[in-house]
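Protein chains: 2
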Amino acid sequence: MSSERKDIEEGLSFRPKFNEQGLIAVVTVDAGSNEVLMVANMNAAALEATLASGKGTYYSRRRGKLWVKGEQSGHGQKVVEILVDCDQDCLVMKVEAEGGQCHVGYGGCFYRRVKKGSPDQLELVGRRVFEPKEVYGESKDD
Amino acid sequence: MSSERKDIEEGLSFRPKFNEQGLIAVVTVDAGSNEVLMVANMNAAALEATLASGKGTYYSRRRGKLWVKGEQSGHGQKVVEILVDCDQDCLVMKVEAEGGQCHVGYGGCFYRRVKKGSPDQLELVGRRVFEPKEVYGESKDD
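Residue numbers (the numbering used here), protein chains in the order written: chain E, 297 to 438; chain H, 297 to 438.
These aren't lab readings, by the way, just hints derived from the structure by calculation. Fair warning: there could be bad hints in the mix.
Straight-line Cα separation of at most 16 Å, EDC-like style, residue types lysine to aspartate or glutamate; simulated pairs [stated by the list, open to error]:
| no. | chain 1 | residue 1 | chain 2 | residue 2 |
| --- | --- | --- | --- | --- |
| 1 | E | K411 | H | E377 |
| 2 | H | K429 | E | E306 |
| 3 | E | K412 | H | E377 |
| 4 | H | K412 | E | E344 |
| 5 | E | K302 | H | E394 |
| 6 | H | K351 | H | E394 |
Could you put the whole structure together from the sequences, leaning on the hints where they help?
Here it is in structure tokens:
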């Protein structure tokens, strides 16, 4: 194993590895339950803003700009801690979530599961906690 | 909102959206603790194999082939359930993990966290559960 790889995997320097689009994947989990709330991307500026502000801030590829979670909905994220994986190309961010985190109206984005025995079907496992139209109007965005 | 988007977000058909490389990101979590163990990719064949066998099976970009987690290390994954997110481009797979899941020797890949006040530094939060050389020899792979 190269010493470079050993440094990344076993060292204590934070050297986040952004992909060819300048992004790193972030798995955002509820700090209390560990439930996965959402998976999104940060670029270097979003990560810097998150670390500086303590508020979950992402990069929206569709909108081509930084996106402070909750800036539209009020359903933001207070960062508790950020973990990095072995090769430093993925983050787990533990947050205290302020309200439902998925724009469809659920606590998190993973509100359906693949049905056992019928893997082309899903079943609902989440609970709707807000009405998207009341929060976003017709835009349904953050 | 288009009815296509509504179907994907609110419907009960499983229509996983693979990216331009034919891959979908999978966040694998411990079914008991909800701890995130690893983040990897599946292609359609890996997802099909996972659903058919009940064993966590991924696509290795580096090796260019399917990869049954644990085939080398013995540290496999028994699938409990698979969740899909709102736009169906990401999965959360809950598993019963057989042994340490990270090739560096930890229970999961997220064994370090960004240090508060020194965000260029990490601190160790995981516990080493196996010695990689004893499991992988010099290859350190799955």
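Status of each hint after checking the structure:
1. K411/E / E377/H: Holds: K411/E and E377/H sit about 9 Å apart, inside 16 Å.
2. K429/H / E306/E: Holds, because 14 Å separates the two Cα atoms, which is no more than 16 Å.
3. K412/E / E377/H: OK: K412/E and E377/H at ~8 Å, within 16 Å.
4. K412/H / E344/E: holds (13 Å)
5. K302/E / E394/H: violated (25 Å)
6. K351/H / E394/H: holds (11 Å)
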